[in-house]
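As you go down the protein sequences, you meet chains W and Z in turn. All residue numbers in the first sequence are consecutive under this note's numbering, ending with 251. All residue numbers in the second sequence are consecutive under this note's numbering, ending with 115.
Think of the hints as simulated: they come from the structure by calculation, not from any bench. Backbone N, C-alpha and C define an ideal beta-carbon position, used for all residues, glycine too. Certain hints may be false.
Computed footprint of chain Z on chain W, listed as stretches where at least three residues anywhere in the stretch have a Cβ under 8 Å from a Cβ of chain Z [said to hold, decoys possible]:
| no. | stretch |
| --- | --- |
| 1 | 150 to 163 |
| 2 | 210 to 224 |
| 3 | 242 to 249 |
Using 16 Å as the maximum straight-line C-alpha spacing, the simulated EDC-like pairs for lysine to aspartate or glutamate come out as follows [as the list claims (entries may be wrong)]:
| no. | chain 1 | residue 1 | chain 2 | residue 2 |
| --- | --- | --- | --- | --- |
| 4 | Z | Lys-54 | Z | Glu-97 |
| 5 | W | Lys-238 | Z | Glu-97 |
| 6 | W | Lys-238 | Z | Glu-85 |
| 7 | Z | Lys-10 | W | Asp-223 |
| 8 | Z | Lys-42 | W | Asp-140 |
| 9 | Z | Lys-41 | W | Asp-170 |
| 10 | Z | Lys-41 | W | Asp-243 |
| 11 | W | Lys-207 | W | Asp-170 |
| 12 | Z | Lys-103 | W | Asp-170 |
| 13 | W | Lys-195 | W | Glu-154 |
| 14 | W | Lys-238 | Z | Glu-45 |
| 15 | Z | Lys-39 | W | Glu-181 |
| 16 | Z | Lys-39 | W | Asp-243 |
| 17 | W | Lys-144 | Z | Glu-97 |
| 18 | Z | Lys-42 | W | Glu-154 |
| 19 | W | Lys-250 | W | Glu-154 |
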Amino acid sequence: DQQVKQNSPSLSVQEGRISILNCDYTNSMFDYFLWYKKYPAEGPTFLISISSIKDKNEDGRFTVFLNKSAKHLSLHIVPSQPGDSAVYFCAASATNAGKSTFGDGTTLTVKP
Amino acid sequence: DTEVTQTPKHLVMGMTNKKSLKCEQHMGHRAMYWYKQKAKKPPELMFVYSYEKLSINESVPSRFSPECPNSSLLNLHLHALQPEDSALYLCASSQEWGSNEKLFFGSGTQLSVL
């Protein structure tokens with residue numbers, strides 16, 4: 140049973156436009172969510188996070204939205220840049236679980 | 002220094018070999034992790050060390066043996082691996098062990114078992 144799902148394996152957008160990456164979860168105990176970005180031949184790097192007490196968190200071009208009732212979160216990148224082309228992983232954790240559960244990842248391609 | 006350094010970057014080993022993966026961080030982080038990642042799949046947690054003590058073992062086969070000699074170093078000893086163990090092995094660290102901690106990952110060791 141996959142508790143964190145990223146249903147779009149890939150996404151292609153034009154430079155300057157908005158990229159929206161989606162993530163769904165099934166475990167209602169999850170209360171903290173993170174996004175990581177991964178370039179080829181590198182480990183994932185932390186991008187942005189959100190606690191379940193919030194519904195939005197913004198950091199520069201990156202905004203994460205959380206809809207607890209729908210068990211859905213999304214990452215918005217505006218404006219998208221070619222350097223944003225990478226695999227994006229959504230991760231979720233529950234208080235005191237001590238570990239994050241990752242989604243399968245979405246490969247974002249931003250075309251110049 | 003915000004790096005997690007893993008060596009070697011690539012490793013090819015036979016099923017009877019013994020090898021070790023090494024991981025080092027100098028950020029003063031007290032939690033260190035081993036993850037396994039297969040192609041097109043998410044990272045899967047294997048082990049967590051907190052303050053140099055093993056805190057989580059995700060039912061990993063005994064042919065994988067972790068070791069945390071000190072707060073900066075994490076090793077993964079490999080023995081009698083199977084071809085299906087071929088994967089990218091990622092080390093990560095976080096300031097403390099907890100659910101709301103962001104992870105700092107190394108670049109990984111790409112392991113091939115022949």
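Notebook entry, point to check: When you check the alpha-carbon spacing of Lys-195 of chain W and Glu-154 of chain W, does it fall within 16 Å?
Noted result: 24 Å, violated
Next item on the list: Verify the proposed pairing of Lys-39 of chain Z with Glu-181 of chain W, using a straight-line Cα cut of 16 Å.
Entry: Holds - the C-alpha atoms of Glu-181 of chain W and Lys-39 of chain Z are around 14 Å apart, at most 16 Å.
Note to self: Using C-beta distances, would you say chain Z covers the stretch 242 to 249 of chain W, given that this needs three or more residues below 8 Å?
What the structure shows: Per the Cβ count (3), the hint holds.
Note to self: Tell me if the straight-line CA distance from Lys-42 of chain Z to Glu-154 of chain W falls inside 16 Å.
What the structure shows: 27 Å, violated
Next item on the list: With a cut-off of 16 Å on the C-alpha distance, tell me whether Lys-54 of chain Z and Glu-97 of chain Z pass.
Entry: 13 Å, holds
Note to self: Hint check: Lys-207 of chain W vs Asp-170 of chain W, CA-CA at most 16 Å. Holds or violated?
What the structure shows: 9 Å, holds
Notebook entry, point to check: Holds or violated: Lys-238 of chain W with Glu-45 of chain Z, Cα cutoff 16 Å?
Noted result: Cα-Cα ~10 Å, so holds.
Note to self: Check whether the Cα positions of Lys-103 of chain Z and Asp-170 of chain W lie no farther apart than 16 Å.
What the structure shows: 14 Å, holds
Note to self: Given the hinted pair Lys-10 of chain Z and Asp-223 of chain W, is their Cα-Cα distance within 16 Å?
What the structure shows: Outside the cut-off at roughly 24 Å; violated.
Margin query: For a C-alpha distance cap of 16 Å, please report whether Lys-238 of chain W and Glu-85 of chain Z respect it.
Written below: Violated, because 24 Å separates the two Cα atoms, which is more than 16 Å.
Checklist line | Satisfaction of hint between Asp-170 of chain W and Lys-41 of chain Z, Cα-Cα up to 16 Å | finding: Violated. Lys-41 of chain Z to Asp-170 of chain W sits at ~26 Å, over the 16 Å cutoff.
Item checked: Proposed proximity, Asp-140 of chain W with Lys-42 of chain Z (alpha carbon, max 16 Å) -> Satisfied, since the Cα-Cα distance of roughly 14 Å is no more than 16 Å.
Of the numbered hints stated above, those contradicted by the structure are hints 1, 2, 6, 7, 9, 13, 17, 18, listed in ascending order.
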